[in-house]
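As you go down the protein sequences, you meet chains A and B in turn.
Each residue of the first sequence is one higher than the one before, starting from 0 at the first, in numbering that gives the first Met the number 0.
Each residue of the second sequence is one higher than the one before, starting from 0 at the first, in numbering that gives the first Met the number 0.
Please note that a few of the clues may not be correct.
[As the list claims (entries may be wrong)] Restricting the straight-line Cα-Cα distance to at most 16 Å, the calculated cross-link-like pairs of lysine to aspartate or glutamate (EDC-like) are: (1) A:Lys122 with B:Asp141; (2) B:Lys62 with A:Asp90; (3) A:Lys62 with B:Asp90; (4) B:Lys336 with B:Asp309; (5) A:Lys116 with B:Asp141; (6) B:Lys116 with A:Asp141; (7) B:Lys122 with A:Asp141.
Read the hints as simulated data drawn from the structure, not as lab findings.
Number of protein chains: 2
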Amino acid sequence: MSIVVQKFGGTSVTAEENIINVARKVIKTRSSGKDVVVVVSAMGKTTNTLLEMAHRINPNPYKRELDMLTSTGEQVSIALLTMAIQAQGYDAISFTGNQVGILTDNAYTKAKIIDIKKDRILKELSDGKIVVVAGFQGVTEDGEITTLGRGGSDTTAVALAAALKAEYCEIFTDVDGVFTADPNVVPEARKLHVVSYEEMLEMSSSGAKVLQLRSVEFGRMYKVLIHVRSTFNDEQGTWVIEEDERMEKAIISGVTYDKNQAKVTIYGLPDVPGIAARVFQTLADANINVDMIIQNVSKGEHSDISFTVDKEDLNQTLEVMGKVQNDLGATSVDFDKDIAKVSLVGAGMRTNPGVAASMFTALAESKINIEMISTSPIKISCVIRRDEVEKAIKSIHQKFELQKDMRSDEYVKRMK
Amino acid sequence: MSIVVQKFGGTSVTAEENIINVARKVIKTRSSGKDVVVVVSAMGKTTNTLLEMAHRINPNPYKRELDMLTSTGEQVSIALLTMAIQAQGYDAISFTGNQVGILTDNAYTKAKIIDIKKDRILKELSDGKIVVVAGFQGVTEDGEITTLGRGGSDTTAVALAAALKAEYCEIFTDVDGVFTADPNVVPEARKLHVVSYEEMLEMSSSGAKVLQLRSVEFGRMYKVLIHVRSTFNDEQGTWVIEEDERMEKAIISGVTYDKNQAKVTIYGLPDVPGIAARVFQTLADANINVDMIIQNVSKGEHSDISFTVDKEDLNQTLEVMGKVQNDLGATSVDFDKDIAKVSLVGAGMRTNPGVAASMFTALAESKINIEMISTSPIKISCVIRRDEVEKAIKSIHQKFELQKDMRSDEYVKRMK
Numbered sequence: 000m001s002i003v004v005q006k007f008g009g010t011s012v013t014a015e016e017n018i019i020n021v022a023r024k025v026i027k028t029r030s031s032g033k034d035v036v037v038v039v040s041a042m043g044k045t046t047n048t049l050l051e052m053a054h055r056i057n058p059n060p061y062k063r064e065l066d067m068l069t070s071t072g073e074q075v076s077i078a079l080l081t082m083a084i085q086a087q088g089y090d091a092i093s094f095t096g097n098q099v100g101i102l103t104d105n106a107y108t109k110a111k112i113i114d115i116k117k118d119r120i121l122k123e124l125s126d127g128k129i130v131v132v133a134g135f136q137g138v139t140e141d142g143e144i145t146t147l148g149r150g151g152s153d154t155t156a157v158a159l160a161a162a163l164k165a166e167y168c169e170i171f172t173d174v175d176g177v178f179t180a181d182p183n184v185v186p187e188a189r190k191l192h193v194v195s196y197e198e199m200l201e202m203s204s205s206g207a208k209v210l211q212l213r214s215v216e217f218g219r220m221y222k223v224l225i226h227v228r229s230t231f232n233d234e235q236g237t238w239v240i241e242e243d244e245r246m247e248k249a250i251i252s253g254v255t256y257d258k259n260q261a262k263v264t265i266y267g268l269p270d271v272p273g274i275a276a277r278v279f280q281t282l283a284d285a286n287i288n289v290d291m292i293i294q295n296v297s298k299g300e301h302s303d304i305s306f307t308v309d310k311e312d313l314n315q316t317l318e319v320m321g322k323v324q325n326d327l328g329a330t331s332v333d334f335d336k337d338i339a340k341v342s343l344v345g346a347g348m349r350t351n352p353g354v355a356a357s358m359f360t361a362l363a364e365s366k367i368n369i370e371m372i373s374t375s376p377i378k379i380s381c382v383i384r385r386d387e388v389e390k391a392i393k394s395i396h397q398k399f400e401l402q403k404d405m406r407s408d409e410y411v412k413r414m415k
Numbered sequence: 000m001s002i003v004v005q006k007f008g009g010t011s012v013t014a015e016e017n018i019i020n021v022a023r024k025v026i027k028t029r030s031s032g033k034d035v036v037v038v039v040s041a042m043g044k045t046t047n048t049l050l051e052m053a054h055r056i057n058p059n060p061y062k063r064e065l066d067m068l069t070s071t072g073e074q075v076s077i078a079l080l081t082m083a084i085q086a087q088g089y090d091a092i093s094f095t096g097n098q099v100g101i102l103t104d105n106a107y108t109k110a111k112i113i114d115i116k117k118d119r120i121l122k123e124l125s126d127g128k129i130v131v132v133a134g135f136q137g138v139t140e141d142g143e144i145t146t147l148g149r150g151g152s153d154t155t156a157v158a159l160a161a162a163l164k165a166e167y168c169e170i171f172t173d174v175d176g177v178f179t180a181d182p183n184v185v186p187e188a189r190k191l192h193v194v195s196y197e198e199m200l201e202m203s204s205s206g207a208k209v210l211q212l213r214s215v216e217f218g219r220m221y222k223v224l225i226h227v228r229s230t231f232n233d234e235q236g237t238w239v240i241e242e243d244e245r246m247e248k249a250i251i252s253g254v255t256y257d258k259n260q261a262k263v264t265i266y267g268l269p270d271v272p273g274i275a276a277r278v279f280q281t282l283a284d285a286n287i288n289v290d291m292i293i294q295n296v297s298k299g300e301h302s303d304i305s306f307t308v309d310k311e312d313l314n315q316t317l318e319v320m321g322k323v324q325n326d327l328g329a330t331s332v333d334f335d336k337d338i339a340k341v342s343l344v345g346a347g348m349r350t351n352p353g354v355a356a357s358m359f360t361a362l363a364e365s366k367i368n369i370e371m372i373s374t375s376p377i378k379i380s381c382v383i384r385r386d387e388v389e390k391a392i393k394s395i396h397q398k399f400e401l402q403k404d405m406r407s408d409e410y411v412k413r414m415k
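Can you build the whole structure from these sequences, using the hints too?
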């Protein structure tokens, strides 16, 4: 029998009625003749509530204890969902990350999956059970509990789908799929039927919260078909698949934003080889992800480096930089929390010059100043003031007429 | 360095301030030069809230899933308490039952501890850490999560104290110690300074909720000094110790009650050998604890058997009995939920006849009807109507003048 992995996020299980609704969806898939593995997140705002409590008790808690704490949220969900499935007469069994052997490294609060032991799951499936697995959590070789970071349940689901060679992996969420822009900002934003792993990677890394970045990486690496869809209706959502030569490529898939970044600038670094390497190695050692980097060689033998990090890593970044500042020979370290990043993503961009220019024009027409720029073959990102994000997104969406479902050839014709 | 085990119940950790208070107590003991292992329960009413949620989703949930669910409560507590200790500058580490190897059988919701692997705890203690262990929970050899039943954290604490050969085990709770009667019912009830394991066993099994029965059994078996005391002050509480020949024995230690029982009566059983054995073997197979048993051989070749079980086991008891009723040849099965048990406990009772008669007199003087009686060398229990419990306790406490701290010899003199 073919296996399907279905993942339900926190918004899918905010209350008891929702859990019963999820149980029905799972049973429907089981009844259609599939083996079903369900991955579930903590109910509603549980994780945030726990984190707030932790920070009131200790403003700077050990990450090991944070993972001990927050991993309970998913454990509650798996037990309740399993009971809900059983209440409807189907056999089911719940497992923690530890119990199914979701092995991770020991980078607490953002651990990476190293391996999944699938024997126990396959055994229970072959006994006819629906298997319910806690998302977001794993275990180290030493038996320490870890968590995979925000949205980690997506990664649990896709990694399980890869390990179990599932037919596909469905990510149920509170939106209908992946859109050309956040529909809350741009009401005319359009749902994409299909998006490639590469595009989804760029969109996830530039602020589209619909899928965790690492889950898309897993999907691409192991060729897992991912279907992002709504928990609250039966409509088709967005399929994330491999890019195909025959695929009609839209130049632009969407425009995204990320308000969760902060900019750090290190001033007066000596302009000698290896200095940038030392800055970013220090950050890597502290397990801090850096997004955009800009270096200005200016005043003679000195240079400034600016980079962006997740806001939640800002304090640690400043702490780490403070420690090595003298050692690096920098004059000062500064930060800015009021920034945001807007990004334009599209696989067709590669072969269509002029996209960057159009994007900058759209921003200029809205009198928005660009502070940093970074590009990839299928993405352009600009750092702007945080309070100008909505305006920026709207003007870019309009400039590229993303509300229209056009093929690239038509599009190129129109743009000429 | 000598090890002390300290256990804090749910009422000791209802809110964040309480957790910080508990952290202070623990640190005080650590600072006095002891190695400290802390056992902690779920915060306040967490376990009940989770159970209510479970029963709304599935009126008859699998016990495995109940344990998966409720064990999360203690995991939250250990993480938060550890953070609170760390916030005050002391090193600490939290462990689930699984992580420290509290091995149990697989009787979900009331598992028994089989073994404790102490290596990990000893290692962390020798590294100078305060070790915080989740109460109430364990793990089977197959890695399944189990819980030890109501009050199971007491058992975790005493079992750990036994395994670690601790100097003593402190049970912090919301009362000042063990009293001659529930002070809410009898305001003049007196705190006992010392009580023997045997007396404590009888008191726990007859409704005194201050210590879980199995924790006292562990204490007696492994000679663990237990100190029951209040979280909210620094007063000495009650020490539970081995009975000593030199000990001045009070005839009566206290009077307890249990409103949490139900009576089941099986009518018209054939009066043939082995029939009672079959009834109670059936219940034992279903892991149902039976407390009092009375058999009336009456109408010729038939007999009735009445017994009491915990109210929470009543539905399962009736179900099990319903299944075997025909097989046993019984005519009907009936139950009564409006009963309660009052018990008088005291090690001195053994050598002082007339205690039972005085107890029955006290009840008779208050016009309370006795429905079942059972005795042990150091206890007399009577089943009465549930709504007469307070009256019964008061009249017995008064009859035996338990508010006065008398030695047995004085006492016997007075009673004469």
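Now the hints, each set against the structure:
| no. | hint | verdict |
| --- | --- | --- |
| 1 | A:Lys122 with B:Asp141 | holds, 14 Å |
| 2 | B:Lys62 with A:Asp90 | holds, 14 Å |
| 3 | A:Lys62 with B:Asp90 | holds, 14 Å |
| 4 | B:Lys336 with B:Asp309 | holds, 10 Å |
| 5 | A:Lys116 with B:Asp141 | holds, 15 Å |
| 6 | B:Lys116 with A:Asp141 | holds, 15 Å |
| 7 | B:Lys122 with A:Asp141 | holds, 14 Å |
Every hint, counting from the list given before, is met by this structure.
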